[in-house]
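2 protein chains.
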Amino acid sequence: MKNDRLLKALFREPVDQTPVWIMRQAGRYLPEYRAIRQKAGDFLTLCQTPELACEVTLQPLRRFPLDAAIIFSDILTIPDAMGLGLSIEEGKGPVFAKPIRDTAAIDNLAVPDPESETGYVMEAIRLVRRELDGAVPLIGFSGSPWTLATYMVEGGSSREFTRIKTLMFDEPGAAHRLLDTLSKSVTAYLNAQIAAGAQAVMLFDTWGGVLSPRGYRAFSLHYMQRILEGLDRNRDNATVPVILFTKGGGGWLEDIAASGCDAVGLDWTVDIGEARSRIGHRVALQGNLDPSVLYASPHCIRDEVASILDKYGDGPGHVFNLGHGIHPKINPDHVTAMVDAVHEISRTRLNTMTSAPKQRSR
Amino acid sequence: MKNDRLLKALFREPVDQTPVWIMRQAGRYLPEYRAIRQKAGDFLTLCQTPELACEVTLQPLRRFPLDAAIIFSDILTIPDAMGLGLSIEEGKGPVFAKPIRDTAAIDNLAVPDPESETGYVMEAIRLVRRELDGAVPLIGFSGSPWTLATYMVEGGSSREFTRIKTLMFDEPGAAHRLLDTLSKSVTAYLNAQIAAGAQAVMLFDTWGGVLSPRGYRAFSLHYMQRILEGLDRNRDNATVPVILFTKGGGGWLEDIAASGCDAVGLDWTVDIGEARSRIGHRVALQGNLDPSVLYASPHCIRDEVASILDKYGDGPGHVFNLGHGIHPKINPDHVTAMVDAVHEISRTRLNTMTSAPKQRSR
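Heads up: the protein sequence lines correspond to chains A and B, in order.
Its first residue numbered 1, the first sequence is counted upward by one per residue in this note's numbering.
Its first residue numbered 1, the second sequence is counted upward by one per residue in this note's numbering.
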């Protein structure tokens, strides 16, 4: 691989500059994405057409010197494969035609076969790997069981999570059966992505942060741990690192770090320096710039990048990223400012580090 | 005062049972509220008509044996008094006709005179005090400067806080001037509420949790501290306790507790037992039931109440509450289940505590 900084950093090995990628880096803020999206018609057609998914996966890499690609897809492919009928409504987000409305529906769910029922994702991964030709690693991903369950039971996005929480409190047995089926499905899905060529995988627990600490451990983290135990992380004489990201999970970083993952994703509400001292050196950290910083001026963006690099300090194991997905109205030039700042500032820092002992020994 | 459990608990004095009140306890989940609201026409008319505000403030106390009243009002009275033109749109939330769109608008803001420009709040407080006749204490409140600023700059509710964060990052001087004016306004406003009869006051920092740790300290907590310094907390030979609540502030509890407040409000994403051990015995804690628990069965509600009381433990200084405002579709019978559970379970616990040493000494 020509640029393996991401994998090195995820395994806490030294790098010459801090690797950076961006959650939702292939997306609406890019005019070239909007052009291809308009031609395709809708978001799901893009996801489900491997050639188009491959193309938009590669778009941000042509524009910015990013250190990773992430397969263009959606977190709700599994419930769609389970027959819930996913559509994405403009301005409203994902909607399921057949949401889970009773425990019978939970007991009727089957674990989808990844290659036959979400084969378009695997095919897109194979295409991207071929196109990348070892330039940077390709990240695969899935939604966490809890996050998938919230959409499946609520029928779409939610503010208060009334239905899933009522299920959780009143019928915990049924909630656990749903999460069990989902964790088996996610395990099979990510193993298929690894087999197809994903060189790192990430679990997006977008809604774990709406739970209480006890609820989080029992209904979200527990099932992510089962996935981590079930992943076949060894492929082609390499180990596939796993990143676990719970938005709003800043209170539970120690638990997340002990889950068996290789890296913990951080949103912007935690100080990355404090996160590192709380977690110690067990895992790498990914994050944690507030996505809103990208609305600010390039000068300000550079300051905020420097602040995060400073707080992380000199140790290995930092993957720079936003603390959540990039917003659709960001100016791509501001992304350039961020990526360049990460590389330039970290390279200077890391080179100073390497040369400092020599100077002292003179 | 007939029932002073709330004030005792806020000052960490022993009580016979844990006091409980509910954020937004006067609200849409009550049919008697919906009836008066329909007659009044809209939410702001209710807030701005002291007799109606008094009536809805008292409604939940007639139904449930709550240990406090909280004045029925809105957090956005101050920006409205500043001339921004508040309206509440059904299903959309608060909207300002004249939001802050440039720094000139910030520099033109004046600190409103609380009695002449938000006199309806003070008059409602005086009415409620007369009606309560010492039954339970009356809580006054305000939005925090940061929270008010988000609405004023965004023009209403927000998901991504684009405008206020761009202001904060790109023009920090202007953001600080806005927050300075707001902290002076909130100080005057809460002092007027105390003079009118509020026996405890609460700062609602609804959106402090969308900031980074550094941003929170500089743009939200700092200004709440200035308010705490400026409050005249001594009235009628009694001290008026102050509760500070930052939703999503679980990562910064130590800082909040050191701000000079008497009690820290907790949402449901922190464990109240861990919060207590992190904070120590400096302040009381208020919270922290997930509002969604009230969708569950009364049996489940009782279990969740017991769990929070267990985690808080035997020390003084707990005010039971939800971790955020009650949802509009909650069944009032479930509120009864919660309030009764808090009183019954805590009374048994606290009595066991008191009698235990006697049994040992026999």
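Don't take every hint at face value.
Identical copies go unnamed one by one, so any copy, or any two together, can satisfy a pair.
Straight line, CA to CA, 35 Å or less: simulated DSBU-like cross-link-like pairs of lysine-lysine [said to hold, decoys possible]:
id, residue 1, residue 2
1, 184, 311
2, 98, 8
3, 2, 92
4, 39, 98
It is worth saying that the hints were derived from the structure and are not from the lab.
For each hint, the structure was consulted:
{"no.": "1", "hint": "184 <-> 311", "verdict": "between (38 Å within a copy, 33 Å between copies)"}
{"no.": "2", "hint": "98 <-> 8", "verdict": "neither (43 Å within a copy, 52 Å between copies)"}
{"no.": "3", "hint": "2 <-> 92", "verdict": "neither (40 Å within a copy, 50 Å between copies)"}
{"no.": "4", "hint": "39 <-> 98", "verdict": "within (28 Å within a copy, 39 Å between copies)"}
When the structure is compared with the earlier hints, violations turn up for hints 2, 3 and for no others.
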